[in-house]
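> Sequence:
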Amino acid sequence: MTTLKQGDKVPDFSVNNQDGETVSLSDYKGKKLIVFFYPKANTPGCTAEACNLTDNYKILQDKGYEILGVSADSEKKQSNFKTKYDFPFPLLADENKDVINAFGVWGLKKFMGKEYDGIHRKTFIVDENGVVAYVIDKVKTKDHAAQILEL
Numbered sequence: 001m002t003t004l005k006q007g008d009k010v011p012d013f014s015v016n017n018q019d020g021e022t023v024s025l026s027d028y029k030g031k032k033l034i035v036f037f038y039p040k041a042n043t044p045g046c047t048a049e050a051c052n053l054t055d056n057y058k059i060l061q062d063k064g065y066e067i068l069g070v071s072a073d074s075e076k077k078q079s080n081f082k083t084k085y086d087f088p089f090p091l092l093a094d095e096n097k098d099v100i101n102a103f104g105v106w107g108l109k110k111f112m113g114k115e116y117d118g119i120h121r122k123t124f125i126v127d128e129n130g131v132v133a134y135v136i137d138k139v140k141t142k143d144h145a146a147q148i149l150e151l
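With full-length UniProt numbering, you'll find the sequence shown wraps up at 151, consecutive numbering, no jumps.
Note that these hints are calculated values from the structure, not bench results. Any given hint might turn out to be false.
Under the rule of at most 27 angstroms between Cα atoms (straight-line distance), these lysine-lysine pairs were calculated in the DSSO-like manner [what the hints assert, rightly or not]: (1) Lys142 - Lys32; (2) Lys140 - Lys63; (3) Lys122 - Lys29; (4) Lys31 - Lys58; (5) Lys40 - Lys138; (6) Lys97 - Lys82; (7) Lys82 - Lys63; (8) Lys9 - Lys97; (9) Lys138 - Lys32; (10) Lys76 - Lys9; (11) Lys76 - Lys63; (12) Lys122 - Lys109; (13) Lys97 - Lys114; (14) Lys5 - Lys142; (15) Lys9 - Lys109.
Ranges between beta-carbon positions, derived for each pair [stated by the list, open to error]: (16) Asp137 - Met112: 19 to 29 angstroms; (17) Lys29 - Asn101: 18 to 28 angstroms; (18) Met1 - Gly113: 14 to 24 angstroms; (19) Asn96 - Ala146: 13 to 23 angstroms; (20) Lys63 - Met112: 32 to 42 angstroms.
These figures come from a predicted structure and were not determined experimentally. For glycine and all other residues, C-beta sits at the position ideal for the given N, C-alpha and C.
Sequences are here, hints too, so could you generate the full structure?
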């Protein structure tokens with residue numbers, strides 16, 4: 001797993017969101033972008049993280065940020081997740097792991113003594129030119145917006 005680092009250019013990507021609409025990195029040219037990766041829609045940690053970003057969405061927007069959530073869930077699962085919690089930002093259904101692999105967040109994980117491949121919970125702050133400005137490796141799911149706002 002080779003994860004993008006601060007200063008790396010993000011490769012352009014195009015993947016469908018929860019509504020089947022294509023979303024590309026180039027859609028956000030000239031804007032600051034928060035790209036948060038989460039393992040699975042509708043699980044406790046992922047829900048807490050996305051809800052925390054939603055609760056602070058206006059503050060983040062006022063600071064100039066747009067937000068994209070990304071997991072390998074299907075469009076239907078992403079749509080259900082977004083609708084259930086009324087998230088104001090798109091959720092990308094990266095079933096082929098195009099974006100996940102571009103950012104380098106797929107790899108070996110350990111949970112309760114078992115090893116498996118999965119998505120590492122990480123957040124990338126991408127600047128207006130498509131370059132990684134910050135990487136948050138240790139995401140605090142219940143207080144994630146504060147981590148971003150402290151940067």
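> Now tell me if each hint is right for this structure.
Hint-by-hint comparison with the structure:
1. Distance restraint check for Lys142 and Lys32: the Cα-Cα separation of roughly 22 angstroms lies within the 27 angstroms cut-off, and the hinted pair is therefore satisfied.
2. Taken as a hint, the Lys140 and Lys63 pair is honoured in the structure, with Cα atoms around 20 angstroms apart against an allowance of 27 angstroms.
3. For a cut-off of 27 angstroms, the pair hint linking Lys122 to Lys29 stands: about 21 angstroms separates their Cα positions.
4. The straight-line distance between the Cα atoms of Lys31 and Lys58 is roughly 15 angstroms, inside the 27 angstroms bound, and the hint therefore holds.
5. For the given pair, Lys40 sits about 17 angstroms from Lys138 by alpha-carbon distance, which is consistent with the 27 angstroms threshold.
6. Distance check on the hinted pair: Lys97 and Lys82 sit about 20 angstroms apart at the alpha-carbon level, within 27 angstroms; holds.
7. Restraint check for Lys82 and Lys63: the C-alpha separation of about 23 angstroms stays at or below 27 angstroms, so the hint holds.
8. At roughly 18 angstroms between alpha-carbon atoms, Lys9 and Lys97 fall within 27 angstroms of each other, so this suggested pair holds.
9. Taken as a hint, the Lys138 and Lys32 pair is honoured in the structure, with Cα atoms around 21 angstroms apart against an allowance of 27 angstroms.
10. Distance restraint check for Lys76 and Lys9: the Cα-Cα separation of roughly 31 angstroms exceeds the 27 angstroms cut-off, and the hinted pair is therefore not satisfied.
11. Simply put, Lys76 and Lys63 have alpha-carbon atoms about 31 angstroms apart, too far for the 27 angstroms limit, and the pair is violated.
12. Straight-line distance between C-alpha atoms of Lys122 and Lys109 comes to about 13 angstroms, which keeps the hinted pair within the 27 angstroms bound.
13. Restraint check: the Cα-Cα separation between Lys97 and Lys114 comes to about 22 angstroms, which is no more than 27 angstroms; the hinted pair holds.
14. Restraint check for Lys5 and Lys142: satisfied, since their Cα atoms lie roughly 24 angstroms apart, inside the 27 angstroms limit.
15. Pair hint Lys9 plus Lys109 holds up; C-alpha atoms about 26 angstroms apart against a cutoff of 27 angstroms.
16. For Asp137 paired with Met112, a C-beta distance near 21 angstroms keeps the hint of 19 to 29 angstroms intact.
17. Hint check: Lys29 to Asn101, Cβ distance near 22 angstroms, so the stated range 18 to 28 angstroms holds.
18. Separation of Met1 from Gly113 is about 20 angstroms and conforms to the stated range, judged on CB atoms against 14 to 24 angstroms.
19. Checked against the hint of 13 to 23 angstroms, the pair Asn96 and Ala146 fails, with Cβ atoms roughly 33 angstroms apart.
20. Roughly 38 angstroms separates the CB atoms of Lys63 and Met112, a value that falls within the hinted 32 to 42 angstroms.
Against the hints set out earlier in the document, violations occur for numbers 10, 11 and 19.
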